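Here are the chains, one letter per residue:
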Amino acid sequence: MLLITCPYCGPRSEEEFAYGGEGHIARPADTDGLSDDEWADYLFMRTNPKGVHYERWVHAHGCRRWFNAVRDTATNEFLAFYRVDEKKPEIDR
Amino acid sequence: MKKYSVFSLVRNALDYHRNWQQAWRSPAPKSAYDVIVVGGGGHGLATAYYLAKECGITNVAVIEKGWLGGGNTGRNTTIIRANYLQDESTGIYAHALDLWDTLSTELNYNVMFSKRGVLHLAHNQHDLKELARRHNANRMMANELEFLTPEQVKAFVPIINISPDVRYPVLGGSLQRRAGVARHDAVAWGYARAADSLGVDIIQNCEVTGFRIEQGQMKGVETTRGFIASPKVGCVAAGHSSVLGAMAGLRLPIESHPLQALVSEPLKPFFDTVVMSNTVHVYVSQSDKGELVMGAGIDAYNGYSQRGSLPPIEHLLSAAMELYPVFSRVRVLRKWGGIVDICPDASPLITKTPVQGLYFNCGWGTGGFKATPGSGHVFAHTIARDDPHPLAAAFRLERFATGNLVDENLAAAVAH
Ligand SMILES: Cc1cc2nc3c(=O)[nH]c(=O)nc-3n(C[C@H](O)[C@H](O)[C@H](O)COP(=O)(O)OP(=O)(O)OC[C@H]3O[C@@H](n4cnc5c(N)ncnc54)[C@H](O)[C@@H]3O)c2cc1C
Ligand SMILES: [Zn+2]
Numbered sequence: 065m066l067l068i069t070c071p072y073c074g075p076r077s078e079e080e081f082a083y084g085g086e087g088h089i090a091r092p093a094d095t096d097g098l099s100d101d102e103w104a105d106y107l108f109m110r111t112n113p114k115g116v117h118y119e120r121w122v123h124a125h126g127c128r129r130w131f132n133a134v135r136d137t138a139t140n141e142f143l144a145f146y147r148v149d150e151k152k153p154e155i156d157r
Numbered sequence: 010m011k012k013y014s015v016f017s018l019v020r021n022a023l024d025y026h027r028n029w030q031q032a033w034r035s036p037a038p039k040s041a042y043d044v045i046v047v048g049g050g051g052h053g054l055a056t057a058y059y060l061a062k063e064c065g066i067t068n069v070a071v072i073e074k075g076w077l078g079g080g081n082t083g084r085n086t087t088i089i090r091a092n093y094l095q096d097e098s099t100g101i102y103a104h105a106l107d108l109w110d111t112l113s114t115e116l117n118y119n120v121m122f123s124k125r126g127v128l129h130l131a132h133n134q135h136d137l138k139e140l141a142r143r144h145n146a147n148r149m150m151a152n153e154l155e156f157l158t159p160e161q162v163k164a165f166v167p168i169i170n171i172s173p174d175v176r177y178p179v180l181g182g183s184l185q186r187r188a189g190v191a192r193h194d195a196v197a198w199g200y201a202r203a204a205d206s207l208g209v210d211i212i213q214n215c216e217v218t219g220f221r222i223e224q225g226q227m228k229g230v231e232t233t234r235g236f237i238a239s240p241k242v243g244c245v246a247a248g249h250s251s252v253l254g255a256m257a258g259l260r261l262p263i264e265s266h267p268l269q270a271l272v273s274e275p276l277k278p279f280f281d282t283v284v285m286s287n288t289v290h291v292y293v294s295q296s297d298k299g300e301l302v303m304g305a306g307i308d309a310y311n312g313y314s315q316r317g318s319l320p321p322i323e324h325l326l327s328a329a330m331e332l333y334p335v336f337s338r339v340r341v342l343r344k345w346g347g348i349v350d351i352c353p354d355a356s357p358l359i360t361k362t363p364v365q366g367l368y369f370n371c372g373w374g375t376g377g378f379k380a381t382p383g384s385g386h387v388f389a390h391t392i393a394r395d396d397p398h399p400l401a402a403a404f405r406l407e408r409f410a411t412g413n414l415v416d417e418n419l420a421a422a423v424a425h
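Protein chains in written order, with the working numbering: chain A, 65 to 157; chain B, 10 to 425.
Honestly, the hints are just simulated from the structure, not real lab data.
All of these numbers come straight from a predicted model, not from anything done at the bench.
Please note that the accuracy of each hint is not assured.
Claimed, not checked - Short derived list, chain B residues pointing at chain A, Cβ under 8 Å: (1) S172; (2) L276; (3) P278; (4) G312; (5) P353.
C-beta: ideal position from N, C-alpha, C; glycine also.
Kindly produce the complete structure, drawing on both the sequences and the hints.
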């Protein structure tokens with residue numbers, strides 16, 4: 065069971081949240097000029113690291129706000145929680 | 010390799026089972042091979058077997074970081090069926106089902122394939138329509154399925170609750186009689202033994218840590234036991250595929266998730282088929298040891314920890330309680346998790362890559378055990394000829410750029 069800290073509401077049980085997958089994937093600005101491979105990379109290719117993962121969660125059964133988290137996918141240890149308007153933290157390990 | 014038979018069983022029993030021949034060798038890695046298969050699960054071992062048996066390539070190594078079948082192969086709930094929606098899927102899964110039929114004889118190893126039928130339940134109008142659509146799609150491919158009314162479901166599975174008076178009543182079911190279950194370890198061991206006897210080297214406790222690639226051409230693998238040269242490397246690493254992809258500079262359309270299952274304490278035989286329900290999220294069978302084997306969907310978050318959270322377990326048990334009230338006093342014996350490799354369209358990748366001589370077979374996600382023989386067979390041909398086998402052609406990496414996805418999310422999401 066994961067204990068997730070919503071930046072707005074504090075620590076809550078995993079069951080209150082829904083997962084949003086990899087974070088910091090920006091929609092390409094010039095979509096008209098995008099090649100098929102670039103579309104595929106944006107839509108389907110994922111980093112899927114074993115280790116530090118930047119990801120999105122939504123507090124679905126709470127404040128219903130989206131936020132970011134950093135988690136080690138091998139141990140499930142959370143390394144950071146931050147609002148979407150906050151800077152991506154650099155985590156080295 | 011000495012053949013297993015009823016006579017060898019008797020002969021060895023008379024010796025108090027002290028003189029069984031070792032099932033496969035454990036050789037030190039050679040400095041070079043014609044093909045290296047990374048990953049000693051069912052799919053990797055089957056690939057090596059068919060390379061040796063059908064493609065005449067016997068200078069092959071299977072490199073496994075742990076023990077054979079210690080990944081998803083030995084953690085899965087062994088449901089074997091071929092009732093997917095798309096023609097491409099029916100192609101590969103029905104091919105596998107054909108191979109399952111004769112696999113024990115082919116490998117001289119009892120994989121305990123039991124065609125006890127797999128029944129998919131419908132609990133609402135949407136389910137009924139989805140089943141009908143899948144049903145008709147399969148019949149167009151000459152893949153026989155039967156539709157059961159709630160009363161016929163009850164006759165087939167007497168302990169099921171078909172009362173209309175529940176949140177998700179049973180409205181019908183789709184039965185594939187030639188589907189069933191098999192013994193997962195035996196599949197890994199049977200392929201390993203048969204591949205070894207054809208000359209394949211099986212190297213356990215050896216992790217691939219990198220690739221040597223020169224001018225876009227595969228040269229070999231770096232491992233915890235040193236460099237091993239090979240012009241062709243097939244990665245069959247399930248949940249760790251993205252990790253291997255990254256070693257070659259590739260990004261794959263895959264995310265790894267925990268998938269859990271559990272067994273109850275052993276009970277006398279009373280559940281002689283497999284029943285799945287996508288809507289209430291549970292599937293059940295009974296193992297030969299008597300344990301009820303149950304599972305459901307993945308844990309939603311990415312993970313490599315081979316364990317999941319408790320909520321999916323609570324969820325599947327509550328669903329099981331509504332469908333099978335007689336389970337109420339049965340105790341759970343143990344639960345576990347594997348790391349499944351999910352593609353966005355819930356279909357596998359059997360593919361060449363931009364690196365010449367590097368191939369991937371992965372993305373089988375929650376449902377690849379059933380495909381083991383077919384997957385190994387078409388992947389071996391793909392590697393040997395450096396050209397996709399016709400049944401594998403739809404599962405190339407390029408489909409994500411061309412848009413030719415093979416969407417199986419309805420048929421694969423909960424049901425494995
Ligand atoms: C709980 C659960 C239930 C399931 N139920 C079903 C079911 O009912 N029916 C069904 O059809 N499917 C089911 N599946 C899915 C099925 O188990 C898999 O799709 C299938 O077993 C994959 O086989 P594989 O040989 O590709 O992978 P694996 O058996 O996982 O083998 C991959 C191997 O690669 C090795 N490896 C990884 N990285 C490296 C490296 N760097 N170097 C060397 N070796 C490496 C791993 O150690 C592992 O042994 C289930 C899975 C789980 C987890
Ligand atoms: Zn909140």
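Hints, one by one, checked against the model:
Taken as an interface hint, S172 (chain B) does not check out: its beta carbon lies about 28 Å from the nearest beta carbon of chain A, beyond 8 Å. The restraint placing L276 (chain B) at the interface with chain A is violated, with a minimum CB-CB distance near 29 Å, outside the 8 Å limit. Taken as an interface hint, P278 (chain B) does not check out: its beta carbon lies about 34 Å from the nearest beta carbon of chain A, beyond 8 Å. Interface restraint check: G312 (chain B) against chain A, minimum CB-CB distance 5 Å, threshold 8 Å, status holds.
Restraint check, P353 (chain B) versus chain A: the minimum CB separation of about 5 Å is within 8 Å; hint holds.
Hint compliance for this structure: hints 1, 2, 3 are broken, all remaining hints hold.
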